[in-house]
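If you read the protein sequences in the order shown, they are chains Y and E. What the first sequence shows, in the working numbering, is residues 1 to 259, in sequence order. What the second sequence shows, in the working numbering, is residues 1 to 245, in sequence order.
By construction, these hints were calculated from the structure, which means they are not laboratory data. Check each hint, because a few of them may be wrong.
Cut-off 20 Å, straight-line C-alpha distance, at most; resulting in silico cross-link-like pairs (SDA-like, lysine to any residue) [claimed, not checked]: (1) E:Lys81 with Y:Gln138; (2) E:Lys110 with Y:Gly137; (3) E:Lys107 with Y:His243; (4) Y:Lys233 with E:Asn134; (5) E:Lys107 with Y:Met153; (6) E:Lys3 with E:Gly65; (7) E:Lys81 with Y:His243; (8) E:Lys113 with Y:His243; (9) E:Lys113 with Y:Gly137; (10) E:Lys107 with Y:Glu79; (11) E:Lys110 with Y:Thr148; (12) E:Lys81 with Y:His143; (13) E:Lys81 with Y:Gln160; (14) E:Lys180 with E:Gln88; (15) E:Lys107 with Y:Gln160; (16) E:Lys107 with Y:Gln151; (17) E:Lys110 with Y:Trp150; (18) E:Lys107 with Y:Gly137; (19) E:Lys111 with Y:Thr148.
Distance ranges between label pairs, derived from CB positions [what the hints assert, rightly or not]: (20) E:Glu70 with Y:Pro54: 16 to 22 Å; (21) Y:Ile230 with E:Arg241: 50 to 56 Å; (22) Y:Ile230 with E:Glu70: 45 to 51 Å.
Treat the numbers as computed from the prediction; the structure is a model and nothing was measured. Note that the Cβ used here is the ideal one computed from N, Cα and C, for glycine as well.
Here are the chains, one letter per residue:
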Amino acid sequence: MTADSSSLAWIIYFIEEYGSLFLYGAGVTLLISLSGTVIGFVIGLIIGVIRTIPMDHNTGAITRVSYKLLNFLLLCYIEIFRGTPMMVQAMVVFYGAAIMFGIHMSALWAGIFIVSINTGAYMAEIVRGGIISVDRGQFEAAHSIGMTHWQTMTNIVLPQAVRNILPATSNEFVINIKDTSVLSVISVSELFFMGKSAAGTNYRFFEVFFIICVIYFIMTFTVTRILRLIEIKIDGPSVFTIHGSQTVPEAEFRIVNRE
Amino acid sequence: MDKIIEIRHLRKSFGSNEVLKDINFSVSKGEVVCIIGASGSGKSTLLRCLNLLEYPTSGEILYHGQNILEHDMTNASYRTKLGMVFQQFNLFSNLTVLQNCVVGQVKVLKKDKASAEKTAMQYLEQVGMSQFINAKPNQISGGQKQRVAIARALSMEPEALLFDEPTSALDPELVGEVLKVMKSLARSGLTMLVVTHEMGFARDVSNRVVFMDAGVIVEDDVPEVIFNNPSNERTREFLKRVLED
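Chain Y on its own, in the form it takes in the complex (with noise of 0.2 Å):
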């Protein structure tokens, strides 16, 4: 390969040579990605749930005094991991953790570290977006059959609220595809990463970058394909089948959807 060979000579240059490490990169990328999100949706929803406990009259002096200070600790970092970037954050955790604490992670695991602690901040506000929008009307149901705000919560608002948030939660997915990136900065050997030393050596940006866009989008628009079709399973068939009937009793209707 030549300076003037022309840019599609490169890319099938690129491609052929470089191929299988792009790849790894992509794996990289999707397996911080997909663990962050995952462990990030945990801690939001864990995080959700605790900031949406009601304090009634009942609520004793220092249960209320304690909720309030957790609530507290939670909004702080709730408030910094939102309000600082996470190309930062991965600087002081990845080299804080070694001069402060002696921890010296793997590159890798300060990754999926930092993205999960990132997107749980962001998620924590999502769930109690998604367990505020959830009508009054199914948590006074609940209670009103005797159900405790536990039991409320697990077989009511929550199947509704994951259900509501799904959207918001893909979104997250998909950004933390594109900005796993930003990890290359403690050398993360994920797509980015790959792509920028690649480049670097042969000094060909356009080329190397237009495949790894190619293969971000890839993977971005193969997920939220894939969390489509899981929002789709979730809100079941939109028919259902007639229970019995009084003159066939094996007899089975299907009822279409009203709305």
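Add chain E to chain Y, keeping to what the hints say.
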């Protein structure tokens, strides 16, 4: 008579707005009591105080003589004794019709799934909704939703059922099917406390009618007296207003 619930000097304020002012009232086993009155008179708040969806500001709620507000029993276990039917149905939208009637029995009453489903089917049949057990709430009509909501409350086998304007959110042509179910429940001897604007139901089905106005119980008597010969001027005016149209 065996009093299931007795209320003494109940008050409820929202901020500086006193919605219930010194309510004294009781419901005995097998009674069908209708609470009538203008919007904002405190009917729904009274009902919601009864099963602690609103917490009273002061007063006593006695359940078989036990003061609920003194924590003789937990709020949750007390609430299982009183079923509630809401104006907006409030069916659990993530669950099917059958699951709506089963979830409370399994999670709260700790019944096994098979016997819970059997109980649920029995009550769904009673309200004429057994064909729709596989439907989700958004797939059925308002009247059907309310009938399922009644079955859900009955599945918990409560001692009394509270109805908070059960037909007010329904299209006029769907009111009848819900009232029909309620009438048959009343005839079966279920203890019912019904906040309603359906004067026909109050007059024909109930044993007692309570008229509320501005946060107080103005009159509490058998329907014949309330509708034909009310002793209070406010009752007379209210009935004249609602029965005219």
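Each hint tested on the structure:
The straight-line distance between the Cα atoms of lysine 81 of chain E and glutamine 138 of chain Y is roughly 19 Å, inside the 20 Å bound, and the hint therefore holds. Of the pairs offered as hints, the one joining lysine 110 of chain E and glycine 137 of chain Y is violated, with about 23 Å between alpha carbons and a cut-off of 20 Å exceeded. In summary, the hint linking lysine 107 of chain E to histidine 243 of chain Y is not supported, as the alpha carbons are separated by about 25 Å, beyond the 20 Å threshold. At roughly 16 Å between alpha-carbon atoms, lysine 233 of chain Y and asparagine 134 of chain E fall within 20 Å of each other, so this suggested pair holds.
At most 20 Å may separate the alpha-carbon atoms for a hinted pair to count; lysine 107 of chain E and methionine 153 of chain Y meet this at roughly 12 Å. A threshold of 20 Å between alpha carbons decides the hint, and for lysine 3 of chain E with glycine 65 of chain E the separation of about 8 Å falls inside it, so the pair holds. Of the supplied pair hints, the one linking lysine 81 of chain E and histidine 243 of chain Y is violated, its CA atoms being roughly 30 Å apart against a limit of 20 Å. For the given pair, lysine 113 of chain E sits about 18 Å from histidine 243 of chain Y by alpha-carbon distance, which is consistent with the 20 Å threshold.
With a CA separation close to 25 Å, the supplied pair lysine 113 of chain E and glycine 137 of chain Y exceeds the 20 Å bound. For the proposed pair lysine 107 of chain E and glutamate 79 of chain Y, the alpha carbon gap of about 37 Å is over 20 Å, so the pair is violated. Straight-line distance between C-alpha atoms of lysine 110 of chain E and threonine 148 of chain Y comes to about 13 Å, which keeps the hinted pair within the 20 Å bound. Restraint check: the Cα-Cα separation between lysine 81 of chain E and histidine 143 of chain Y comes to about 12 Å, which is no more than 20 Å; the hinted pair holds.
As the CA atoms of lysine 81 of chain E and glutamine 160 of chain Y are separated by approximately 27 Å, the hinted pair breaks the 20 Å bound. Proposed proximity of lysine 180 of chain E and glutamine 88 of chain E is supported: the alpha carbons are some 18 Å apart, at most 20 Å. Distance check on the hinted pair: lysine 107 of chain E and glutamine 160 of chain Y sit about 18 Å apart at the alpha-carbon level, within 20 Å; holds. A hinted pair counts as satisfied when its Cα atoms are at most 20 Å apart, and lysine 107 of chain E with glutamine 151 of chain Y qualifies at roughly 7 Å.
About 15 Å separates the Cα atoms of lysine 110 of chain E and tryptophan 150 of chain Y, which keeps this hinted pair within 20 Å; it holds. Between the alpha carbons of lysine 107 of chain E and glycine 137 of chain Y the distance comes to roughly 19 Å, so the proposed pair stays at or under 20 Å and holds. Distance hint between lysine 111 of chain E and threonine 148 of chain Y is fulfilled; the C-alpha atoms sit about 16 Å from each other, no more than 20 Å. In this structure, glutamate 70 of chain E and proline 54 of chain Y meet the distance hint of 16 to 22 Å, their C-beta atoms being roughly 21 Å apart.
For the hinted restraint 50 to 56 Å between isoleucine 230 of chain Y and arginine 241 of chain E, the CB-CB distance of approximately 54 Å keeps it satisfied. Distance hint check for isoleucine 230 of chain Y and glutamate 70 of chain E: the Cβ-Cβ separation is about 48 Å, which falls inside the suggested range of 45 to 51 Å.
Of the numbered hints listed earlier, those contradicted by the structure are 2, 3, 7, 9, 10, 13.
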